[in-house]
Amino acid sequence: MRTRPDLLKPLAYLIVLTVCFSQCGKESGQGLSFGSKSMRLASDHTEIVIDSAKVPGYWAGQVGDGEKFFLYSLDRSYKKGDVLTVEGAFGTATAAVFDDATRVYQSEQVTNIFVVWKAARRGSEKDGQPLFRGVRGK
Amino acid sequence: MSRARRIRLTAVLIGLLFPLVSCQPFPERKGPVEEFDMNILTNAKSIRTRLGEVLVGYLAEYELNLQKHRIFISLEILKYRKGERLTVKGRFIDDSVRISYGDQINAEVPVVHILRAAPASPEKKLGPRL
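Line by line, the protein sequences give chains C and P. Going letter by letter, the first sequence gives residues 1 to 138 in our numbering. Going letter by letter, the second sequence gives residues 1 to 130 in our numbering.
If you're looking for bench data, these hints aren't it; they were derived computationally from the structure. Careful, some of the hints might be misleading.
[Stated by the list, open to error] List of simulated lysine-lysine pairs, PhoX-like, C-alpha gap at most 25 Å:
no., chain 1, residue 1, chain 2, residue 2
1, C, LYS118, C, LYS37
2, C, LYS118, C, LYS54
3, C, LYS68, C, LYS118
4, P, LYS45, P, LYS68
5, P, LYS30, P, LYS45
6, P, LYS89, P, LYS79
7, C, LYS68, P, LYS79
8, C, LYS54, P, LYS45
9, C, LYS54, P, LYS79
10, C, LYS37, C, LYS54
11, C, LYS37, C, LYS79
12, C, LYS80, C, LYS118
13, P, LYS30, P, LYS89
14, C, LYS68, C, LYS37
15, C, LYS80, C, LYS54
16, C, LYS80, C, LYS37
17, P, LYS89, C, LYS68
18, P, LYS89, C, LYS54
19, C, LYS80, P, LYS79
20, P, LYS45, P, LYS82
21, P, LYS82, C, LYS54
22, C, LYS68, C, LYS80
23, P, LYS79, C, LYS79
24, P, LYS68, P, LYS82
[As the list claims (entries may be wrong)] Covered stretches of chain C (in silico footprint by chain P; criterion: 3 or more residues with CB under 8 Å from a CB of chain P, positions within the stretch not fixed):
no., stretch
25, 47-56
26, 103-109
Please read these numbers as outputs of a predicted model, since none were measured by experiment. The beta-carbon is built from N, C-alpha and C at its ideal position, and this holds for glycine as well.
Looking at chain P on its own, in the form it has when it is part of the complex:
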């Protein structure tokens, strides 16, 4: 096989790899699905994550073992309001955002990708549901 032919063949094979690779989903970096009752602390925000992805969502807070934890909940439709209490199903993803709220300046907050959210019934306490 001539040198030019080998180079052309290699280029074609590399070219074919691109569409095949692009069909693959992103590497799995998601945790298990968890359910929380939480409170939305801020209005909707657009924010860049540690890994460079731009997400939209809200800063939220839930209670676990008498401690309050803050998370950034990522949703694609932003119709909830600051102060609203939600029951959500979602997954922690291996990413975080830096956000200032109250006494915490530029605090690192984990990101939760929301699969389902609904208004929480008024009597529910904040926190993971067991």
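Bound-form chain C, shown alone:
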């Protein structure tokens, strides 16, 4: 199949632009992974700031190794100490964070972020209820 020459140019420009843009922000994000994790909430609903945008959610430690994550969620119904099984995407980002317990603020903090698509509280009636409003059963 022959490609029309007048389509080749815009296509080439598009590829180059995509490559150029993909270099932006490489320092702050290191790619995404997907999966399910068991988390114990270490805070009530709070927020962090990434690139001047407020990101609501919870601090949590992974059950087992205790690795610290920020779970991005709009749902305020969970409480510190709840154990959740969460599904979603995770990666790292540079964020400004405030620890409510110690009142310590840090900007430019490399943080593990977990974008929650679905959450189930362990052994609770809320099993299967999505944390992320507007996204169901993903």
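Dock chain P against the given chain C, drawing on the hints supplied.
Relative to the frame of chain C, chain P by itself:
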């Protein structure tokens, strides 16, 4: 090369420069990281700087050589309160704000971008830490 082709090539090159330039960080206009013990004088404020940037933060005061100095501390999360004493690590940036406080009307105050802040222990005196 035809004139139309040259113009198109130039336009493409200029177009490619935009994303490359946008990837570069802003010109460095920050000082070294310093550590201070300071007192927050006001509630959180949103304020436009001399260079036109809108910042949020607090007016704060620290003591150096028996003189009190006022600075605007810029933070992205505003959970501290007026009157709170903090130990902060931050950088002076090449910018300032005009702010009225007490007997000083529209005084020019330097801006410090805060990297870390924590409540100061009660026995600490205000001022840079040596």
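**Violated hints, by number in ascending order, as checked against the structure** = Structure breaks no hint.
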